[in-house]
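Q: Here is how the chains run, residue by residue.
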Amino acid sequence: MTALLEITDLSVDYGEGTGSTHAVNHVSFTLEHGEFVGLVGESGSGKSTFGFAVTGLSKPPARIAGGSILLDGVDIASLSTGELREQRHGGVAMVLQSGMNALNPVRSIRNHFVDIFRAHGHVERGDWGSRAAELVGKVELPASVLDRYPGELSGGMRQRVSIALALSLEPKLMVFDEPTTALDVLVQHAVMDTIIELQKKENFTALLISHDLGIVLESAQRVLVMHEGEIVEDAPSRQILERPGDDYTKMLLSHYADPRAEVVELPGFEGRHRAPADAHPPTVSSRTRRKDQKAIVVDHVSKVYPAPRRGESQVTAVDDVSFTLEPGQSLALVGASGSGKSTLAKLITAVEKPSSGSVRFGDLDVGSLRRGQFRRLHRDVQMVFQDPYAALNPLHTVEYTLTRPVVNFTGLKGLDARRRVLELLDTVGLSPVEEFAAKLPHQLSGGQRQRVVIARALASDPQVIIADEPVSMLDVSLRAGVLALLEDLREQWGVSLLYITHDLLSARVVTDNIMVLNGGRVVERGNTAEVLRNPTDEYTIRLLDAIPNPGRQDVA
Amino acid sequence: MSTQSIPPSTRAVRAIEQASIAPAPSPLKVVLRVASTVWSNGKARIGIIILGLFILIAVFAPLIAPYGARQNGFDRSADASAAHWLGTTAAGEDVLSQLIWGSQISIFVGLVAGLLSTVIAVLVGLSWGYVRGFGADVINFIVNLFLVIPGLPLMIVIAAYLSGGGIGMIIVVVVITGWAWGARVLRSQTQSLRSRDFVTAAVFSGERPFRIVFREILPNMTSLIVGNFFGAATAAILAEAGLEYLGLGDTTVVSWGTMLFWAQNSNALLTGQWALLFAPGLCIALLATSLTLINFGVDGISNPRLREGKQR
Numbered sequence: 001m002t003a004l005l006e007i008t009d010l011s012v013d014y015g016e017g018t019g020s021t022h023a024v025n026h027v028s029f030t031l032e033h034g035e036f037v038g039l040v041g042e043s044g045s046g047k048s049t050f051g052f053a054v055t056g057l058s059k060p061p062a063r064i065a066g067g068s069i070l071l072d073g074v075d076i077a078s079l080s081t082g083e084l085r086e087q088r089h090g091g092v093a094m095v096l097q098s099g100m101n102a103l104n105p106v107r108s109i110r111n112h113f114v115d116i117f118r119a120h121g122h123v124e125r126g127d128w129g130s131r132a133a134e135l136v137g138k139v140e141l142p143a144s145v146l147d148r149y150p151g152e153l154s155g156g157m158r159q160r161v162s163i164a165l166a167l168s169l170e171p172k173l174m175v176f177d178e179p180t181t182a183l184d185v186l187v188q189h190a191v192m193d194t195i196i197e198l199q200k201k202e203n204f205t206a207l208l209i210s211h212d213l214g215i216v217l218e219s220a221q222r223v224l225v226m227h228e229g230e231i232v233e234d235a236p237s238r239q240i241l242e243r244p245g246d247d248y249t250k251m252l253l254s255h256y257a258d259p260r261a262e263v264v265e266l267p268g269f270e271g272r273h274r275a276p277a278d279a280h281p282p283t284v285s286s287r288t289r290r291k292d293q294k295a296i297v298v299d300h301v302s303k304v305y306p307a308p309r310r311g312e313s314q315v316t317a318v319d320d321v322s323f324t325l326e327p328g329q330s331l332a333l334v335g336a337s338g339s340g341k342s343t344l345a346k347l348i349t350a351v352e353k354p355s356s357g358s359v360r361f362g363d364l365d366v367g368s369l370r371r372g373q374f375r376r377l378h379r380d381v382q383m384v385f386q387d388p389y390a391a392l393n394p395l396h397t398v399e400y401t402l403t404r405p406v407v408n409f410t411g412l413k414g415l416d417a418r419r420r421v422l423e424l425l426d427t428v429g430l431s432p433v434e435e436f437a438a439k440l441p442h443q444l445s446g447g448q449r450q451r452v453v454i455a456r457a458l459a460s461d462p463q464v465i466i467a468d469e470p471v472s473m474l475d476v477s478l479r480a481g482v483l484a485l486l487e488d489l490r491e492q493w494g495v496s497l498l499y500i501t502h503d504l505l506s507a508r509v510v511t512d513n514i515m516v517l518n519g520g521r522v523v524e525r526g527n528t529a530e531v532l533r534n535p536t537d538e539y540t541i542r543l544l545d546a547i548p549n550p551g552r553q554d555v556a
Numbered sequence: 001m002s003t004q005s006i007p008p009s010t011r012a013v014r015a016i017e018q019a020s021i022a023p024a025p026s027p028l029k030v031v032l033r034v035a036s037t038v039w040s041n042g043k044a045r046i047g048i049i050i051l052g053l054f055i056l057i058a059v060f061a062p063l064i065a066p067y068g069a070r071q072n073g074f075d076r077s078a079d080a081s082a083a084h085w086l087g088t089t090a091a092g093e094d095v096l097s098q099l100i101w102g103s104q105i106s107i108f109v110g111l112v113a114g115l116l117s118t119v120i121a122v123l124v125g126l127s128w129g130y131v132r133g134f135g136a137d138v139i140n141f142i143v144n145l146f147l148v149i150p151g152l153p154l155m156i157v158i159a160a161y162l163s164g165g166g167i168g169m170i171i172v173v174v175v176i177t178g179w180a181w182g183a184r185v186l187r188s189q190t191q192s193l194r195s196r197d198f199v200t201a202a203v204f205s206g207e208r209p210f211r212i213v214f215r216e217i218l219p220n221m222t223s224l225i226v227g228n229f230f231g232a233a234t235a236a237i238l239a240e241a242g243l244e245y246l247g248l249g250d251t252t253v254v255s256w257g258t259m260l261f262w263a264q265n266s267n268a269l270l271t272g273q274w275a276l277l278f279a280p281g282l283c284i285a286l287l288a289t290s291l292t293l294i295n296f297g298v299d300g301i302s303n304p305r306l307r308e309g310k311q312r
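If you're matching them up, the sequences are chains A and B in order. Under the numbering used here, the letters of the first sequence match residues 1 to 556, in that order. Under the numbering used here, the letters of the second sequence match residues 1 to 312, in that order.
If you are wondering where the hints come from, they were derived from the structure by calculation, not from laboratory data. Hints may be right or wrong, so weigh each one.
[Said to hold, decoys possible] Here are the simulated BS3-like cross-link-like pairs (lysine-lysine), alpha carbons at most 30 Å apart as the crow flies:
id, chain 1, residue 1, chain 2, residue 2
1, A, 201, A, 294
2, A, 59, B, 29
3, A, 59, A, 172
4, B, 43, A, 59
5, A, 201, A, 172
6, A, 250, A, 353
With the rest of the complex left out, here is chain A:
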């Protein structure tokens, strides 16, 4: 049997001439009929560029610079736009990361199917309805969704619809580009299960592109590891897991661990033992206000939002939550999306006001602060944002970004302020400091940006840092560095840390205590290691099960 997809010496460049970047560099491999192959790489490895090239969707400035992509003996790169469209039926289909946003919000789901049927004419007009119902059935959705509009469906349902749409042309090859990355952890797991089952039932060939080696190892039979545009390893999943050949693969694998294990070790955290906060007195001389340490007290707080539409019930985002964040303590707030953890962060930082109950920081009543008084709170309570790409103004240099809070909160001016800025950069490990101070955000990597965001949060010498998913947007290899930095800050500066995440593994590594939120309520709390090793609540167990872990279960 000949291979379904044969890629020989494929190169894709961005731009032309001397300034071009080689995103994909002389890649060769073959896909057999019915195979499920995973393609793993970190951001910038060229995996998505590669996926677009395979599906014939490369757009300028991307350019196929050499090599061939043979699908059933036909070179995709040489097809005209019209031929490519013909080929979509029974050829290659693609499911995008943002596939859930690829649906037209003003057209019902049925219309989306009808568009495809009409364009290709492969389904009799009379069968349109039944065929569409059959397709959504395949992705485990009821036929009633056909009359819904995209806005009425959840993210997971929309991603399922886009998978069904891709299936409607009976493709031989399905390319999934990060199909679950934008979804909630629990939904992610369910959608992945659907994809795996579909592949077995429909017997199409699947290429799963993902940054998450865990997900790929769980689903694919063979794994390609991509690094800087080249495939560094091509081996069956089991072999990758047990005997990874390439150093890069080994590095990726080292960042996975089971949060339930007795001892969790990640690179950067080896042999580190979680010590009580008071065992490490602050060592940085600049901390002067150590004595008036204040705790954050959240007392029976609820937050109720008015009904989104008439006739619907109001939304209770946070439901009677109480806790105290002692100085120097680190507390993890975990839960799936919609569990109320980010709302809680907003309540603590006075961005939102509680519907009932109170939030206090020392003698400051956070709930009753007005806009003009925010400085009093933000001097001591600072925030690290989730997305380092959105949290820095693209037009300001690092120096400007850091100088502003220094000037606003510490009253330092001119050279003193500059010295403080450089000191902050040094603290977060961005050296040579002068060089980094002059840079603009787009010249920094994601990890470096997140360090700048952390430096900004430290500028006012705060007592509390609230970190809202600080590493979820970062590559696996960068996560450990940022987490280790947060951990160091807590130990050396005595900063207390409220760590908001859905990632139980990172929570295990950086926090002492944990609170599990579900539907706005605290369902479980206690010492992080104990809760994760012996979870009692069913929701905690589900969260733990949803973590892809190559080592835990049988690899296909």
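Please arrange chain B on chain A, whose structure you already have, making use of the hints.
A: Below, chain B alone, put in the same frame as chain A:
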């Protein structure tokens, strides 16, 4: 990013000494890059050339124009000849000279009124987009008021009320009726930017609202503001010509609008002097078109997908 070193500003030199990294682009380079982006668009290039020609004509009018703008005493309503390329008016003035001198007024009014209404639109739009609650409702009401009143009748009413003010009055009228649309566009962009993390982060940095709006948000919508300026200038040029054509301006000033007014008054079309109507009309249309064409290039600054010649 090129490896060429940046100009030796003191701070940069200290920072870049040990650098093998790409230096931060200097402001000059940014401006050059933006200019080349606009220039690379074919339509914008045509627009820039046309606008450039008009500006040159306006600046060097004293040198180019064969006669003075109000110099009369030539044959009345003469046809085109070697002495008067476009003929003369009913009052015995040289049409070509009037056309050349008149460009000064149109360009001046277009740029000044465009600039003023953009400034008002920026001030109103940005603060309106940033504030919430009662204040925003009040601004909303006022802006809507200006948006729903039909522009031309309002202009005529105001112009008639302020009659005899000359160019300054025309600019005031154009600005009053022209800022609201820009304010609404800038407001919606401000609203979308204000929910970005970096704006929230600025609040956490202890920034005052004024600084957040004008140092964090404003620079991120430069291309929109520039686009708004060209749009407003186009509208201003057309409005100025329209008002003067209706005789609402100072009819003793020589501009393209008043040329049309006098041509109409002397029934130029009936006497076969098409150049008298056609020439200023064409100039107004060309100038307005050039600004609109430049806007195509400005669009490409913020949205690379609109850049031409890169689609397949």
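Q: Now tell me if each hint is right for this structure.
A: Against the structure, the hints come out as follows:
1. With a C-alpha separation of about 59 Å, the suggested pairing of residue 201 (chain A) with residue 294 (chain A) is violated against the 30 Å cut-off.
2. Only pairs whose Cα atoms come within 30 Å are accepted, and residue 59 (chain A) paired with residue 29 (chain B) is accepted, the gap being roughly 28 Å.
3. Under the criterion of a C-alpha separation no larger than 30 Å, the hint pairing residue 59 (chain A) with residue 172 (chain A) is consistent with the structure, at around 23 Å.
4. This hinted pair checks out: residue 43 (chain B) and residue 59 (chain A) have alpha carbons roughly 23 Å apart, not beyond 30 Å.
5. Between the alpha carbons of residue 201 (chain A) and residue 172 (chain A) the distance comes to roughly 13 Å, so the proposed pair stays at or under 30 Å and holds.
6. At roughly 47 Å between alpha-carbon atoms, residue 250 (chain A) and residue 353 (chain A) are farther apart than 30 Å, so this suggested pair is violated.
Comparing the model with each earlier hint shows violations of hints 1, 6; every other hint is respected.
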